[in-house]
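Chemist: Below, each chain spelled out in residue letters.
There are 2 protein chains.
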Amino acid sequence: MNNLSNIKSKLLTEQVQEQIYQYILDRNYQIGARIPNEFELADQFGVGRSTIREAVKLLISRGVLEVRRGSGTYVVSTMPTDMDPLGLWRFEDKMSLALDLANVRMMLEPGIAEMAALNAGEEDIRRLRELCDIVETKILNGSSYVKEDIAFHTCIAECSKNKVVEQLIPVIDTAVLVFVNVTHTKLKEETIQTHRAITNAIAEHDSIGARAAMMMHMTYNREMIRGLLQKQQG
Amino acid sequence: MNNLSNIKSKLLTEQVQEQIYQYILDRNYQIGARIPNEFELADQFGVGRSTIREAVKLLISRGVLEVRRGSGTYVVSTMPTDMDPLGLWRFEDKMSLALDLANVRMMLEPGIAEMAALNAGEEDIRRLRELCDIVETKILNGSSYVKEDIAFHTCIAECSKNKVVEQLIPVIDTAVLVFVNVTHTKLKEETIQTHRAITNAIAEHDSIGARAAMMMHMTYNREMIRGLLQKQQG
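Line by line, the protein sequences give chains A and B. Each residue of the first sequence is one higher than the one before, counting from 688 in the numbering used here. Each residue of the second sequence is one higher than the one before, counting from 688 in the numbering used here.
Incorrect hints may have been included.
Because identical chains cannot be distinguished in the list, a pair is counted as satisfied if it fits within a single copy or across any two copies.
[Said to hold, decoys possible] In silico DSS-like cross-links for lysine-lysine, where the CA-CA straight-line distance does not exceed 27 Å:
#1 K850 with K834
#2 K848 with K781
#3 K850 with K918
#4 K850 with K873
#5 K744 with K850
#6 K875 with K744
#7 K918 with K848
#8 K918 with K873
#9 K873 with K695
#10 K875 with K834
#11 K875 with K825
#12 K781 with K873
#13 K848 with K834
#14 K834 with K695
#15 K850 with K825
#16 K697 with K873
#17 K781 with K695
#18 K918 with K697
Calculated directly from the structure, the hints in this document are not laboratory data.
I would like the entire structure built from these sequences, with the hints used as guidance.
Modeler: Right under this line is the structure:
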């Protein structure tokens with residue numbers, strides 16, 4: 688294989704790896720679940736079996752999949768080790784982790800939205816509006832919008848121009864959406880409305896409005912998690 | 688070597704490694720600085736040269752030291768890679784990073800102190816009082832209290848009983864104290880007073896008082912950093 692086709696094949700493997708991971712999240716595969724075999728995956732993503740094999744190897748090295756000889760390929764974690772620097776996968780009670788995450792977001796995200804309204808530039812605002820539109824369209828279509836929702840909150844973090852916030856928010860929000868994808872199927876109307884209010888307030892540099900809208904967004908999420916937790920505890 | 692002496696020698700290496708790292712922080716060695724040679728370190732810590740050599744190897748693997756042949760051992764980072772999961776060492780402007788960290792702590796730590804006042808148990812409070820005493824004694828002695836200060840804030844995070852907070856606070860506070868050890872030599876009186884006020888409020892389960900005292904503590908720190916930043920910018 689020459690150099691160029693080597694690079695191309697690496698890029699394809701990366702891409703397919705990302706697709707398989709997204710597929711696991713979208714179908715809500717649980718830990719211990721067996722994923723389709725090489726033939727089916729090759730068919731699903733329209734690539735050769737050797738590409739699937741390489742992509743699966745990458746997901747094994749990232750702690751997501753495991754191959755059991757003569758049995759198949761299994762999900763061992765829905766959180767790649769490189770995406771979980773705080774090691775939150777160790778906590779077994781995911782509903783209780785969900786509330787802890789919601790409480791941390793309550794403390795952080797309203798203040799971040801306020802900073803975003805103060806510091807966002809023209810280009811930031813254009814990108815934020817675009818992401819807000821994409822999430823809205825996906826919600827209305829009934830598609831999964833996990834990835835775009837993380838991108839929306841990460842964009843707000845970038846608008847804040849605080850370097851630590853930029854590193855922190857993807858970590859926290861990825862944890863929320865990967866571990867405890869509980870609010871996504873329920874809070875559709877509320878998410879559309881509060882995302883829009885946050886976006887508009889940041890665009891108008893209305894820092895108090897941005898803080899208040901984000902607080903509302905976080906409160907809807909937190910209330911839903913508390914409700915689920917209470918139901919679970921009887 | 689039998690098994691037991693093998694374990695003992697490993698423990699000693701670990702301990703000496705920790706001591707060398709602490710020595711680098713305490714003496715405020717900068718990146719690019721050469722540390723004393725094996726003979727001097729062996730003398731300093733009262734161990735053999737082979738132990739020093741093993742401990743230095745560990746600090747090399749953690750990204751702190753580098754050996755230049757025929758020249759000596761140099762500091763390449765004051766932050767071990769395993770202690771910086773957010774990769775904050777990459778940001779070159781440390782004073783601006785200091786302000787970003789201060790702003791994140793402003794958002795987080797008062798709420799954490801509030802949760803700590805609500806959720807701390809008897810044993811937590813005993814440990815918090817102890818750490819508060821240790822930090823106070825070290826400040827009055829003029830000793831370095833970096834490590835104990837991180838332990839104090841980590842203890843408050845543990846009192847909150849929020850799993851995410853427990854993971855997050857050591858990361859943020861270690862970054863503050865390792866990258867930007869600027870407030871430690873100045874805010875002695877203020878640190879003693881506000882630490883004591885935070886400890887008492889948590890011990891009395893006074894959540895509003897704990898939030899307010901932590902806000903005051905964070906404000907002193909942030910004001911000092913802003914002052915230094917303004918001086919730097921002329």
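Chemist: Each hint: holds or not?
Modeler: For each hint, the structure was consulted:
In this homomeric assembly, K850 and K834 come within 27 Å of each other (Cα to Cα) both inside a single copy, at 21 Å, and across copies, at 24 Å. For a Cα distance limit of 27 Å, the shortest separation of K848 from K781 across copies, 15 Å, qualifies, whereas the shortest one inside one copy, 32 Å, does not. In this homomeric assembly, K850 and K918 come within 27 Å of each other (Cα to Cα) only across copies, at 21 Å, whereas the closest approach inside a single copy is 39 Å. In this homomeric assembly, K850 and K873 come within 27 Å of each other (Cα to Cα) only across copies, at 25 Å, whereas the closest approach inside a single copy is 33 Å.
Within a single copy, K744 and K850 get their C-alpha atoms no closer than 33 Å, and across copies no closer than 32 Å, so neither meets the 27 Å cut-off. Taking the closest pair of Cα atoms, K875 and K744 never come within 27 Å of each other, the shortest separation being 36 Å inside a single copy and 54 Å across copies. In this assembly of identical chains, K918 and K848 lie within 27 Å of each other by CA distance solely across copies; the values are 21 Å between and 40 Å within a copy. In this homomeric assembly, K918 and K873 come within 27 Å of each other (Cα to Cα) only inside a single copy, at 15 Å, whereas the closest approach across copies is 51 Å.
Taking the closest pair of Cα atoms, K873 and K695 never come within 27 Å of each other, the shortest separation being 40 Å inside a single copy and 56 Å across copies. Within a single copy, K875 and K834 get their C-alpha atoms as close as 16 Å, which meets the 27 Å cut-off; across copies the closest is 46 Å, which misses it. In this assembly of identical chains, K875 and K825 lie within 27 Å of each other by CA distance solely inside one copy; the values are 10 Å within and 54 Å between copies. Proximity of K781 to K873 under the C-alpha cut-off of 27 Å is restricted to the intra-copy arrangement: shortest distance 18 Å within a copy versus 43 Å between copies.
Taking the shortest Cα distances, K848 and K834 sit within 27 Å of each other inside one copy (22 Å), while across copies they are farther apart (29 Å). In the homo-oligomer, the alpha carbons of K834 and K695 lie at most 27 Å apart inside one protomer (25 Å), although the nearest pairing across protomers, at 49 Å, exceeds that limit. Taking CA atoms no more than 27 Å apart as the test, K850 paired with K825 passes in neither setting, with 29 Å inside one copy and 32 Å between copies. Taking identical chains as interchangeable, the C-alpha atoms of K697 and K873 are never at most 27 Å apart, the minima being 38 Å within one chain and 53 Å between chains.
Taking the shortest alpha-carbon separations for K781 and K695, neither the intra-copy value of 39 Å nor the inter-copy value of 39 Å comes in at or below 27 Å. Proximity of K918 to K697 under the C-alpha cut-off of 27 Å is found in neither arrangement, the shortest distances being 47 Å within a copy and 50 Å between copies.
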